[in-house]
Amino acid sequence: MDTSLEDDETDDPIARLAKTRFRIDFLYPLQRMAIANVLDAEDSPDPIRQMVLFPTGFGKSICFQLPALVTIGVTVVVYPLLALMSDQQRSLDRREIPNVLLRGAMTEEEWTQAQRMLDTKSAQIVVTNPETLEQPRVQKLLLRHKVFHLAIDEAHCVSEWGETFRPSYLKLKNAIETLEPRVISAYTATASPAVEKAIAKHLFGESPYRIVTTDIDKPNIIYRVEPTMEPIHTLLRLVNTKPKPLIVFDQSRDEVRLLCETIHERTNLDVRFYHAGLSRAEKETIETWFMASGDGVLVSTCAYGMGVDKRNIRTVIHFREPPSVEAYIQESGRAGRDGSIAEAILIHRDKEQDYQDSTVRKLDKCTSVNIEVCSDPPETREQRRLAFLEYARSSSCRRSYLLKLMGQDLDSPCSGCDVCFGERARYPEGYPELSEFFSKNKNRFSYAESLRLLCLDDSRSFVGNTPACAGAGLLSSWNREDARVLFDVAIGRGLVVSNKKFPWKDRLRLHLT
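Residue numbering for the sequence shown follows our numbering, starting at 49 and increasing by one per position.
Read the hints as simulated data drawn from the structure, not as lab findings.
Accuracy of the hints is not assured; some may be wrong.
Using C-beta positions, here's what the derived DEER-type ranges look like [what the hints assert, rightly or not]:
1) 524 x 554: 21 to 27 angstroms
2) 151 x 76: 29 to 35 angstroms
3) 72 x 434: 19 to 25 angstroms
4) 547 x 332: 58 to 64 angstroms
5) 221 x 431: 33 to 39 angstroms
6) 68 x 552: 55 to 61 angstroms
7) 144 x 194: 43 to 49 angstroms
8) 76 x 219: 30 to 36 angstroms
9) 187 x 68: 32 to 38 angstroms
10) 388 x 151: 47 to 53 angstroms
11) 518 x 387: 45 to 51 angstroms
When the alpha-carbon atoms are kept at most 20 angstroms apart in a straight line, the in silico EDC-like pairs for lysine to aspartate or glutamate are as follows [claimed, not checked]:
12) 331 x 318
13) 290 x 318
14) 221 x 202
15) 358 x 244
16) 358 x 379
17) 219 x 254
18) 290 x 379
19) 188 x 225
20) 188 x 157
21) 290 x 343
22) 249 x 202
23) 219 x 244
24) 221 x 182
25) 194 x 225
26) 188 x 167
27) 194 x 182
28) 358 x 318
29) 290 x 274
30) 548 x 536
31) 290 x 477
32) 67 x 144
33) 188 x 156
34) 358 x 332
35) 245 x 202
36) 292 x 335
37) 169 x 202
38) 292 x 157
39) 292 x 309
40) 358 x 335
Positions of the beta carbon are idealized from the N, C-alpha and C atoms, including for glycine.
Let the hints inform the model, and build the full structure from the sequences given.
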């Protein structure tokens, strides 16, 4: 069944909110990317920092106004001039979005009213300037209400003014350290490489950051989806066979460490892991190694690549679906920055699979912090996740589907994806072998016998008194534990069933639907 994306954008929660609250019929893909970075922050174990380089008049305000309506915590917007602060307040008032303006020389009545609006949560957006933000009573007030998003508009002023006559701009870093926002966004329309570097230095320090400022379609990347019933086996096959350097992305620190250990134990590859919780020295060591490596494998959270420009990455593999299309485009875009052909591969577990692979079972025993629970409205977060999930199930062009999710059309023929190449896998890896074996051996063997026969290294051998048979050895290249997981998933999904009645009790057969 073709699950191609419906044309009705109202199914998209971001587009729907933009239309109903902001009267905006169309969001540019880059606006969506900046918005998504904010929304995804509650899913991240570490703060997200982004630099958004938009031309004048492109529509920066919605990138912090819209998320403020659906995230928990206060959004603080910093402007250089009182006139810009007043313009922003008028814009918010026009859209009936309650807000607080904090500035110098406020009367006690104005200050009390601002406190009341924040205390009662009747306002979630604060508009201010650097000088006001450094005041102790302002920081004390904001600390009570937990700043979620700190957005610095006209961020080039950090460099152009902070180093001359607006020293408060250089103190924004102190405010960031005090308030600990989940997202720090720097917006500007004018940023030469030198200015960009200065903004990053003063606002982000040495921390990695994302840049939103490019065409999202990268024609040199070939998109593929690998359906699987045993993700570890699929991952190991891909890391062994795909061009390198190669990155494997996963979503938590524990997961990337365990995946790295698995790859190290079961291959001869040079592999390391990377996440934001490593010390600065550890990060620098790994970054130096990977930058110089021509055949390395890096297992990482989204922390790698933000501010690190390794241009010759040939393959990016996602071990599981990221939380949104925007996250996938950013992370897959780490590949092929040199313009040469690269691949972005998503390992896809079908929605009907109700199981935990071996890595996830190990993670249940871990005590360190994994992904934080998102406090976005559940329907918004789930709709964004499901919208991307359909990408993996679709039988239409991968590139066109990704762009459609971003509100953009593909104006030229697809430059490369498994669907358009005629290489889309119809069945999960391992299922054709199970299908062939049980079609030829219906009701003959038990679970243990079937597993042994399928994993035989020599199809002419015997296992005990059980003779080899048609289809024996079809999974001989599989690790025995991986094959067992494949069996368990196939049985759990009802693809293979065990007979309950004599004379074939406990014998397996393929369940034909």
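State, for the Cβ atoms of residue 144 and residue 194, whether the hinted interval 43 to 49 angstroms holds or is violated. violated (24 angstroms)
Using the beta carbons of residue 524 and residue 554, state whether their distance is inside 21 to 27 angstroms or not. holds (24 angstroms)
Does residue 290 pair with residue 343 here, judged by a C-alpha cut-off of 20 angstroms? Satisfied, since the Cα-Cα distance of roughly 10 angstroms is no more than 20 angstroms.
What's the verdict on residue 292 and residue 335, does the C-alpha distance respect the 20 angstroms limit or exceed it? Holds, because 16 angstroms separates the two Cα atoms, which is no more than 20 angstroms.
30 to 36 angstroms was suggested as the range; check whether the CB atoms of residue 76 and residue 219 agree with it. Given a distance of about 33 angstroms, which is inside 30 to 36 angstroms, the answer is holds.
Can you confirm whether the C-alpha distance between residue 194 and residue 182 stays at or below 20 angstroms? Within the cut-off at roughly 16 angstroms; holds.
With the threshold set at 20 angstroms, check whether the alpha-carbon distance from residue 194 to residue 225 stays at or below it. holds (13 angstroms)
Proposed proximity, residue 254 with residue 219 (alpha carbon, max 20 angstroms): Status holds; Cα separation ~16 angstroms.
Would the pair residue 548 and residue 536 pass a check requiring their Cα atoms to be no farther apart than 20 angstroms? holds (17 angstroms)
Is residue 221 within 20 angstroms of residue 202, Cα to Cα? holds (16 angstroms)
Take the C-beta atom of residue 72 and the C-beta atom of residue 434, compute their distance, and say whether it sits inside 19 to 25 angstroms. holds (23 angstroms)
Satisfaction of hint between residue 318 and residue 358, Cα-Cα up to 20 angstroms: Judged against 20 angstroms, a Cα distance of about 17 angstroms means the pair holds.
The structure does not agree with the numbered hints 7, 37, 38 stated previously, though it agrees with the rest.
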